Amino acid sequence: EPEVTQTPSHQVTQMGQEVILRCVPISNHLYFYWYRQILGQKVEFLVSFYNNEISEKSEIFDDQFSVERPDGSNFTLKIRSTKLEDSAMYFCASSESSGGWETQYFGPGTRLLVL
Amino acid sequence: AQSVTQLDSHVSVSEGTPVLLRCNYSSSYSPSLFWYVQHPNKGLQLLLKYTSAATLVKGINGFEAEFKKSETSFHLTKPSAHMSDAAEYFCVVSDRISGGYNKLIFGAGTRLAVHP
Numbered sequence: 054e055p056e057v058t059q060t061p062s063h064q065v066t067q068m069g070q071e072v073i074l075r076c077v078p079i080s081n082h083l084y085f086y087w088y089r090q091i092l093g094q095k096v097e098f099l100v101s102f103y104n105n106e107i108s109e110k111s112e113i114f115d116d117q118f119s120v121e122r123p124d125g126s127n128f129t130l131k132i133r134s135t136k137l138e139d140s141a142m143y144f145c146a147s148s149e150s151s152g153g154w155e156t157q158y159f160g161p162g163t164r165l166l167v168l
Numbered sequence: 018a019q020s021v022t023q024l025d026s027h028v029s030v031s032e033g034t035p036v037l038l039r040c041n042y043s044s045s046y047s048p049s050l051f052w053y054v055q056h057p058n059k060g061l062q063l064l065l066k067y068t069s070a071a072t073l074v075k076g077i078n079g080f081e082a083e084f085k086k087s088e089t090s091f092h093l094t095k096p097s098a099h100m101s102d103a104a105e106y107f108c109v110v111s112d113r114i115s116g117g118y119n120k121l122i123f124g125a126g127t128r129l130a131v132h133p
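Quick mapping for you: the protein sequence lines, in order, are chains A and B.
Numbering follows the working numbering, with no gaps: position 104 of the first sequence is 157.
Numbering follows the working numbering, with no gaps: position 67 of the second sequence is 84.
Chain B extracted, bound-state conformation (with noise of 0.2 Å):
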């Protein structure tokens, strides 16, 4: 089975430093994997993902995430952090299910925190 694990439940950073929100995913087959951001209030809104292409995969706001499948990670990143980038963000794998059919498995959400 499918299954996502992101290995912080919070991170804070001070604003213009790097971003580094890490998962770890576990699956029987290539995936595809995804990570999700939610501002408060808002819907879940895609930021990048990794469809078996290229492994350094670049996103909306200047995110971007590095598929390993050495060390099956998926880790998302930012150079320089602002203000706006505070929410809270899922790792998601897709899992195939009969019929060709697929669900999302998410993972436990990163809340993070930008200080100015």
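So here's chain A without its partners, still in its complex pose (with noise of 0.2 Å):
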């Protein structure tokens, strides 16, 4: 069965530096989001992205963050500037289509530590 996949599943770096979280979503699927969850608090909407644009953002996602799909395949988050508030799960998902009975596939996410 096809899966998301998401790299690496473990990211620690230090507050200021940037990192770029790298998902792999399923092949046919042409809508993408990121999510996260801060340890304790609910899973969070980030971002939405379709056909090389952002659909739709949270209030979360400030210019700090910004998303890309460099290639016919994977779709990154990138964090400019690290906060220690980043620190937190983040998930990656897709669907076939972007109806609001539609499933999204998950990743298992990658837990982003910053010191």
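Read the hints as simulated data drawn from the structure, not as lab findings.
These figures come from a predicted structure and were not determined experimentally.
Possibly wrong hints are sitting among the right ones.
[As the list claims (entries may be wrong)] Here are the simulated lysine-lysine pairs, BS3-like style, with alpha carbons at most 30 Å apart:
(1) LYS110/A <-> LYS131/A
(2) LYS95/A <-> LYS136/A
(3) LYS95/A <-> LYS66/B
(4) LYS85/B <-> LYS95/A
(5) LYS66/B <-> LYS110/A
(6) LYS59/B <-> LYS131/A
Hints in hand, dock the two standalone chains.
Here you go:
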């Protein structure tokens, strides 16, 4: 069964450093998402991406964040200058279409720790 | 705005006994509702979803959920718990955003423990 994959599984970085989290969505999917879960809090939507542009972003997704689909398979989340409060589990997801009933398939997550 | 409330943060059952994980939703229109499960060090896996067809939805691993509009509930049940069911369970509602796209709104999660 096709899966969403994410690398790395864990990332430790110093405050102020740039990090890039990588995701490989399911191959025939067209819609891509990032969510995050701060320890002890709910999973939160960050951004959705379709046709090489952001379709929606949350208030969390400020200028420090960016997303990109650099080639036909990868989908990346970049944090330009990490803050302590960026420490969280980051989940990538993908779906075939955008309907409300559509299943979003999630990767295993990248646990980011900012020191 | 859409929201979901999971009424129990932790549920503990004995193996072979029924499981009930409770979820209430708030929605201004007919919602799409999902249950996802997360096993340790694994991604979020879809258990089942409700999309306004049958109100009783069957999912994987013997789980099912019933959509009750009058009670705004979407509780997850399983007749007989197995040790492998121990995980975190998330009730999720789909929120329509501009342009026809959707984002998922997660509940806080319920951690299910299964004892021998």
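Status of the hints after comparison with the structure:
no., hint, in the structure
1, LYS110/A <-> LYS131/A, "holds, 14 Å"
2, LYS95/A <-> LYS136/A, "holds, 19 Å"
3, LYS95/A <-> LYS66/B, "holds, 19 Å"
4, LYS85/B <-> LYS95/A, "holds, 24 Å"
5, LYS66/B <-> LYS110/A, "holds, 24 Å"
6, LYS59/B <-> LYS131/A, "holds, 22 Å"
Comparing the model with each numbered hint stated earlier shows that all of them hold.
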